[in-house]
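Participant: Sequence:
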Amino acid sequence: MKKVELLITLLITIMSLFTFNIAYASAPNVAVLMSGARQFTKDKNELKELKSRQQLIVNAMQGYMIPEEETAQVANDYILDNKIGTSFSTTDLINIGKLLNADYIVYSQFYIDKINAPGLFHTTMKFKGRTVLTIIDVHSGEYKYKISEDVNNGKLEDVSRSMFIVYDKSIADIKLKGLKV
15 MKKVELLITL LITIMSLFTF NIAYASAPNV AVLMSGARQF TKDKNELKEL KSRQQLIVNA
75 MQGYMIPEEE TAQVANDYIL DNKIGTSFST TDLINIGKLL NADYIVYSQF YIDKINAPGL
135 FHTTMKFKGR TVLTIIDVHS GEYKYKISED VNNGKLEDVS RSMFIVYDKS IADIKLKGLK
195 V
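For the sequence shown, the positions run 15 to 195 when our numbering is used.
One or more hints might be untrue.
Unchecked claim - Derived lysine-lysine pairs resembling DSSO-like cross-links, with alpha carbons at most 27 angstroms apart:
no.	residue 1	residue 2
1	K62	K158
2	K128	K160
3	K58	K142
4	K191	K65
5	K183	K58
6	K128	K58
7	K112	K158
8	K65	K158
9	K65	K160
10	K189	K62
11	K65	K169
12	K189	K128
13	K169	K62
14	K183	K142
15	K62	K160
16	K112	K97
17	K140	K65
18	K97	K189
19	K112	K189
20	K160	K183
21	K112	K140
22	K183	K128
23	K142	K62
24	K158	K183
25	K189	K160
26	K142	K65
27	K183	K169
28	K169	K158
29	K128	K140
Keep in mind that the hints were calculated from the coordinates and are not lab data.
Please work from the sequences and hints to get the whole structure.
Facilitator: If you want it as structure tokens, here you go:
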């Protein structure tokens, strides 16, 4: 009787191992690019917190995040090879995703509409623009998700705060809608 129980336990253990591998293999590969964050975040802790939210977005997508260093290296090489100026086009993002063997690419950037330079009565630059986060299906080229947050005449901290708002809203939306892209 003990041999039968041991055999059943062994079979269940083996089956659970295969189930985990199948689930892991079906998780989409997700590349995350955050453009311009270093210019708009004042300290390393803030940047680190933004990066931790990237992982939360990927977790909400039930995906596997391609390592940041690998994504950054491929993106930097792509910029140099293709002489990219200020921001990536959708085609650029899809091409970077393909180079990374990604299923989806999450891209966030602050787009500046206007900069008010410091003057006599105020000594800080003020920005007008919007932070945008998009999720693109690399294979179909379709936008799966897009959100933005406006910054009107804001300081550097407001731009940084808008990035946190966009990331937090994205995490909540993806979880709420069950958006497994």
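Participant: Now tell me if each hint is right for this structure.
Facilitator: To see whether the hints hold, each was checked on the structure:
1. K62 / K158: Holds - the C-alpha atoms of K158 and K62 are around 26 angstroms apart, at most 27 angstroms.
2. K128 / K160: Holds, at roughly 22 angstroms.
3. K58 / K142: holds, 24 angstroms
4. K191 / K65: holds, 23 angstroms
5. K183 / K58: With Cα atoms ~22 angstroms apart, K183 and K58 stay inside 27 angstroms; holds.
6. K128 / K58: holds, 26 angstroms
7. K112 / K158: The given pair, whose Cα atoms are some 17 angstroms apart, holds under the 27 angstroms limit.
8. K65 / K158: Holds, at about 21 angstroms.
9. K65 / K160: holds, 19 angstroms
10. K189 / K62: holds, 22 angstroms
11. K65 / K169: Roughly 21 angstroms between the alpha carbons, so the hint for K65 and K169 holds.
12. K189 / K128: violated, 34 angstroms
13. K169 / K62: holds, 20 angstroms
14. K183 / K142: holds, 20 angstroms
15. K62 / K160: holds, 23 angstroms
16. K112 / K97: holds, 18 angstroms
17. K140 / K65: It holds: about 25 angstroms lies between the C-alpha atoms, which stays within 27 angstroms.
18. K97 / K189: violated, 37 angstroms
19. K112 / K189: holds, 26 angstroms
20. K160 / K183: Holds, because 11 angstroms separates the two Cα atoms, which is no more than 27 angstroms.
21. K112 / K140: violated, 37 angstroms
22. K183 / K128: holds, 25 angstroms
23. K142 / K62: Answer holds: K142 to K62 is near 25 angstroms, not above 27 angstroms.
24. K158 / K183: Holds, at roughly 15 angstroms.
25. K189 / K160: Answer holds: K189 to K160 is near 15 angstroms, not above 27 angstroms.
26. K142 / K65: holds, 24 angstroms
27. K183 / K169: holds, 21 angstroms
28. K169 / K158: violated, 31 angstroms
29. K128 / K140: holds, 8 angstroms
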